[in-house]
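Numbering (numbering that gives the first Met the number 0), first residue to last: 0 to 426.
Rather than coming from a laboratory, the hints here were simulated on the basis of the structure. Every value quoted in this text rests on a predicted model; they were computed, and no experiment measured them. Please note that a few of the clues may not be correct.
[Unchecked claim] Beta-carbon label-pair distances, calculated as ranges: (1) ARG116 - PRO401: 43 to 53 Å; (2) GLU19 - ASP240: 43 to 53 Å; (3) GLU19 - ALA161: 37 to 47 Å; (4) GLU138 - ASP75: 43 to 53 Å; (5) GLY206 - ALA329: 34 to 44 Å.
Heads up, the beta-carbon is just placed ideally off N, CA and C, and yes, glycines get one too.
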Amino acid sequence: MELTTEFRLTDGVPAAHELELARPLYRLDPLGRDFPAEGQALQALGPVVPVEFPDRVVAWAVTRRSVADALQTHPDVRKSPEYWQAYQDGLIPEHWPLLQFLTTPTMLIMDGADHTRLRQPIQRAFTARRVEALRSRVEEVARDLLDTLALSEPGSVIDLRATYAFQLPLTVICELYGVDDPEMRRQLAVDTGLLLSSATPPEARMGAQASIFGTMSRLIGLRRATPGPDLTTALIGEFEDGALSEEELAGTLFLMLVAGHETTQNLISNVITRLLEHPEQLARLLDGSLGENPFPGVVEEGLRYDPPAAGTMFLYAARDVQIAGVTIRAGEPVLLHNAALGRDDDVFPNPHAFIADRADARGHRSFGHGPHHCLGAPLARLEAQVALRALFERFTVTAAEPLDTVGRVTSLSSNAPVRVPVYLRER
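Could you build the full structure based on these sequences and the hints that come with them?
Listed below in structure tokens is the structure:
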């Protein structure tokens, strides 16, 4: 994607102090066709840029890591939409693609004591030690999925996104939360895809949203009737103790089950794609040149180079905030453009190159920063590391078609190829 009149809304670039949210400089691509190119185009306009989403929703886009870090820890910046003036004024359409994630009562949109109250029950379940204890089960899931793929007709094209990158994190997160019913898992996956796609018609999106919360309600009912050693049962216990409301209980399950498989699916799909596009780096990964276990490093580079979520939505100014020469007025929303932050040349040398053993890759912000840093990061890292190692150590993997022509997921937030078509041959 080029910086063309299709997306660029002005010819010139005003000085930072002249920028206003009411006069956006750039229209974000509603189809999400090339987030890295979009991030590069925004960086050329400045560290803080007024942009327009579909339905004329406007926000400030942050393109530099130093500014993003400062805002995520700023005392006058919040996560709650009660500080979003346009939303409070009823100016955001109810069918807007991202509205569900910005208004459902979860820790994602909470501040202060409420944020801590919703975060703590999940935090206890996702400590590094507890996640590491899941390694053997994640390895077993990966092995079972690869056993199935090994039975495929020789020479057949296999879509690793659908058959592997999707199935592994979905299986793990559903087991953690006690989603045992295969039909419930299937419906959850279908509804998540509809909810996250910017191509979904408004009525279908609203239907998917209702269906997901219907699934959450059924899950809560099942676990209340038959408690188990799962996180849904644990969260119900928090509700019974008065720590969570019924709405917050459903919202927390929604956040963890949707985010818990979609972003990891994207991460695994992206890294497989990049390694196949860089066969010399894949060869070094497998021959020991990059160390005994280079997969943690390549996962971090994947997170930097291709953030599974293109942006962190939204932050809000509780009071006027002066930053990078720009005034963000009270009530205005801020988007942290992860694809731009991961390719910030103030932080990463040669930022547009995929380098499997990049030393500073972990400086990305794909899991956020500050008090809202993603709790699921240790699990996502573990799943991706296990998935990649199991795949490439067992099979010789080659692309079945040029992967740069496959196309990307149609979304304002999800960043991944729609398919990863390959040939597999056991080593």
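Each hint tested on the structure:
Between ARG116 and PRO401 the Cβ separation comes to about 49 Å, which falls inside the hinted range of 43 to 53 Å. For the hinted restraint 43 to 53 Å between GLU19 and ASP240, the CB-CB distance of approximately 47 Å keeps it satisfied. With their beta carbons about 44 Å apart, GLU19 and ALA161 fall inside the hinted range of 37 to 47 Å. Checked against the hint of 43 to 53 Å, the C-beta distance between GLU138 and ASP75 comes to roughly 45 Å, which is consistent with it.
For the hinted restraint 34 to 44 Å between GLY206 and ALA329, the CB-CB distance of approximately 36 Å keeps it satisfied.
In terms of the numbered hints stated before, the structure departs from none.
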